[in-house]
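There are 2 protein chains.
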Amino acid sequence: MTETFVVIGGDAAGMSAASKVKREDPDLDVIVLEKGEWVSYAACGMPYYVKGDVEDLDDLVTVTPEEFRDERGVDLRTGAEVVDVDPENEYVTVETADETYEQPYDDLLVATGASAIEPPFGGLELEGVFTIHDMDEADAIEEYVTGRGPETAAIVGGGYVGIEMAEALSARGVDVHLYEMLPHVLQPFGEAVAEVVEDHLRARGVDLHLETAVSGFVGDERVEAVELEDETVPADVAIVGVGVAPNTDLAEAAGVELGPTGAIATDEYGRTNYENVYAAGDCAEATHLVTGEPDHVPLALTANRAGRAIGQTVTGDPTPVGEIAGTAIVKAFDLGAARTGIVDEDRAREAGFDPVSVTISASTRAHYYPDGAELTVTLIADRESGQLLGGTVVGREGAKRIDTVATALTAGTTVTELQNADLAYAPPFSPVWDPILTAAKVLNGKLE
Amino acid sequence: MTETFVVIGGDAAGMSAASKVKREDPDLDVIVLEKGEWVSYAACGMPYYVKGDVEDLDDLVTVTPEEFRDERGVDLRTGAEVVDVDPENEYVTVETADETYEQPYDDLLVATGASAIEPPFGGLELEGVFTIHDMDEADAIEEYVTGRGPETAAIVGGGYVGIEMAEALSARGVDVHLYEMLPHVLQPFGEAVAEVVEDHLRARGVDLHLETAVSGFVGDERVEAVELEDETVPADVAIVGVGVAPNTDLAEAAGVELGPTGAIATDEYGRTNYENVYAAGDCAEATHLVTGEPDHVPLALTANRAGRAIGQTVTGDPTPVGEIAGTAIVKAFDLGAARTGIVDEDRAREAGFDPVSVTISASTRAHYYPDGAELTVTLIADRESGQLLGGTVVGREGAKRIDTVATALTAGTTVTELQNADLAYAPPFSPVWDPILTAAKVLNGKLE
Chain A
1 MTETFVVIGG DAAGMSAASK VKREDPDLDV IVLEKGEWVS YAACGMPYYV KGDVEDLDDL
61 VTVTPEEFRD ERGVDLRTGA EVVDVDPENE YVTVETADET YEQPYDDLLV ATGASAIEPP
121 FGGLELEGVF TIHDMDEADA IEEYVTGRGP ETAAIVGGGY VGIEMAEALS ARGVDVHLYE
181 MLPHVLQPFG EAVAEVVEDH LRARGVDLHL ETAVSGFVGD ERVEAVELED ETVPADVAIV
241 GVGVAPNTDL AEAAGVELGP TGAIATDEYG RTNYENVYAA GDCAEATHLV TGEPDHVPLA
301 LTANRAGRAI GQTVTGDPTP VGEIAGTAIV KAFDLGAART GIVDEDRARE AGFDPVSVTI
361 SASTRAHYYP DGAELTVTLI ADRESGQLLG GTVVGREGAK RIDTVATALT AGTTVTELQN
421 ADLAYAPPFS PVWDPILTAA KVLNGKLE
Chain B
1 MTETFVVIGG DAAGMSAASK VKREDPDLDV IVLEKGEWVS YAACGMPYYV KGDVEDLDDL
61 VTVTPEEFRD ERGVDLRTGA EVVDVDPENE YVTVETADET YEQPYDDLLV ATGASAIEPP
121 FGGLELEGVF TIHDMDEADA IEEYVTGRGP ETAAIVGGGY VGIEMAEALS ARGVDVHLYE
181 MLPHVLQPFG EAVAEVVEDH LRARGVDLHL ETAVSGFVGD ERVEAVELED ETVPADVAIV
241 GVGVAPNTDL AEAAGVELGP TGAIATDEYG RTNYENVYAA GDCAEATHLV TGEPDHVPLA
301 LTANRAGRAI GQTVTGDPTP VGEIAGTAIV KAFDLGAART GIVDEDRARE AGFDPVSVTI
361 SASTRAHYYP DGAELTVTLI ADRESGQLLG GTVVGREGAK RIDTVATALT AGTTVTELQN
421 ADLAYAPPFS PVWDPILTAA KVLNGKLE
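Order-wise, the sequence lines are chains A and B. Take 1 as the starting number for the first sequence in the working numbering and just add one per residue. Take 1 as the starting number for the second sequence in the working numbering and just add one per residue.
Bear in mind the hints are in silico, worked out from the structure with no lab data behind them. Because the structure is a prediction, the values reported are computed rather than measured. No residue lacks a Cβ here, since even glycine has one placed at the ideal position from N, Cα and C. Please note that a few of the clues may not be correct.
Below, simulated DSSO-like cross-link-like pairs (lysine-lysine); rule was C-alpha separation at most 30 Å, straight line [stated by the list, open to error]:
1. B:K35 to A:K331
2. B:K51 to A:K441
3. A:K441 to A:K331
4. B:K35 to B:K51
5. B:K331 to B:K51
6. A:K35 to A:K51
7. B:K331 to B:K441
8. B:K441 to A:K331
9. A:K441 to A:K51
Label pairs and their in silico Cβ distance ranges [to be verified]:
10. B:E55 to A:A373: 18 to 26 Å
11. A:E67 to B:I117: 25 to 33 Å
12. B:I117 to A:G173: 36 to 44 Å
Next up, chain A with everything else stripped away, as it sits in the complex (with noise of 0.2 Å):
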């Protein structure tokens, strides 16, 4: 058992396990190194914070350092960079701006998050020109679209930050161009949701530009236009979302080893390649529950919960991180796309399964009841054993359904299990077949 337990990283995986752990013991040293000055904070909520939903970037932070330290009695310091890991000795250096020094451990928590990806093209360090990886670059943005009252935006990448910051900024009143490289935008969540996200995104007035490469950025210390392969369109700021990258330097450094995602392979129990260093968050892999095959899918209730669990892991209790469905949801505009488990058929052929898939339409109501929505579903199973793999749904209300489909998926259920699911029916929330239900009625009869 832990006398000492170090954690790298103040954010989701980091102070849930510093928390659980002085909850659990109150009499262990919980030390928190974090680099920057902001820990525990929402990133999730930066769209919002830019759009104006959300008044105060403070309003982001879930606890603040003062709650950490004299409630929960946690040792963190801010302004504190671990620059190196010496898992032989168990010791890190840690370097603050008035020092470095040797801080030794029983149990350390790698937990250094992940970086938004910088694509190899000119013109990043432009003035106006935007990542979203952090609260700092969040106030920045808002700052930059307060104070220059940009008229055209150019947002590149058509993933979750693509789509929620092209929300954003239309609700700023900002004109905006959205690149996506592939045939379609939220890649994760497979043809049939992007289908309707993109005849909602037009709606809405984004121009959205499909496999269009974006080669850079061009501007005179300002960014003024996206350079495409064939033309250039002006733009007065820019956001660059394609992605994020584990951050594994350090660890990699130590000798811990990565996995085949390239983020940090960890056991059941969140263990690294050495005993007593564990790993979690956007950094680590995880399980996933369908595929039983390591994944890297960095969100937040994954770092929450790993963290939880190693907390009390090195209390003396061993707890499985537990596996991940990949579950997620996107607000674009007025619709929310969800998606879990493994939606790609090729995916799942490379996971050896036989996939069959379905895509269904219904509505969130009674066919009487005022103000129902479209639903469109999709599940996609196993033929032959007709285990359920994954699912996806869109629509202007109901996108929470897929919670429905994530716990069949943890539970391994059947289509014919789903399809038999005693779920509620009352005319203002749900047709009797409640829209999953079809969908897993539909499925059955192809499987059969």
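With chain A's structure known, arrange chain B on it following the hints.
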């Protein structure tokens, strides 16, 4: 295999079975005998017709008699009352306005539904006193409210019908008094839900009389007041919604056995004690998936599903009717309230469990995201096995999250498994830990 499939009763179970049989084998004779004129109508929608949300009573009809006859090829006979079943000789006796005849069958489905219970008190025959058991009654209520412009309503019974009619009549400008004999409304939803709903009903102007027995109505031709134990309260319209009882007389007279709940006993295929006589819908029992015992929960999805399965079975593809969790959801003004599984601790003990439960309240969205609502979640589990037994939710949004719990019940998961479900998170849709996960986490802590 059947050549002539006869169905008694033309609503959810009956018409689902009839349609399924014709879809599977168009050559079979499918005869539906319905004593009234309405078929395949959404009884659950009637309150919203009275409220004014649904313009036309016909909108509540899912499939019209013409569609059944012409498009689906069902021999649908309305105004055709079955007055006798002879299971030995395999025919039913049918009375119409013009004739009485014997109709032979190979397979028979009894789908006679349920009727509103008429409590044993005086004045039920007065003008302005209604139960809400069929479409004609819904029409009559609407007409009465429009024609008479009643000022004060007495609603007897705080179940679904009572609460939905309270909302409907309030919306029509009627002052509503709701009388419930028990200490709480919505008895099957448990206290945690009832307390939230009761506060909300009062806030929306409903005069709630709990633990108050009504002994009858008084008036001269038309209802003028409701009689309580020691006072008389004015009322110029009254709705009685004190529950429903299965319509079993016809079946019982034919020697079809009833189960412990008083509804028709059936096996997993919906078969009665006669090999070729099935029963489904509000007149029949179903198996509760948590207790494994027969139960009577007359709801639309159960009826539709069982009817469909029986349709499949009689065409030679034996299909279980499915087990039920008693999942239900109800709108109470701005609230949604939902339940699934076993909610009552005494009932859990009777079924051999050692129940432990928790109730938590959490926001439906990230704390910083606008317009979130408080969702109150109760989960109940067995102490030793950790098996999830049931749950409830109530709040201004998110009541359909009960489906997550219902799906977990269907899959027979433990609280730990539910806690580890990878549910969807993004600020507009959920906190990082969905309220259902938070409840599971807290309950798990209590189980350890």
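Numbers of the earlier hints that this structure fails to satisfy, in rising order: 1, 2, 9, 11, 12
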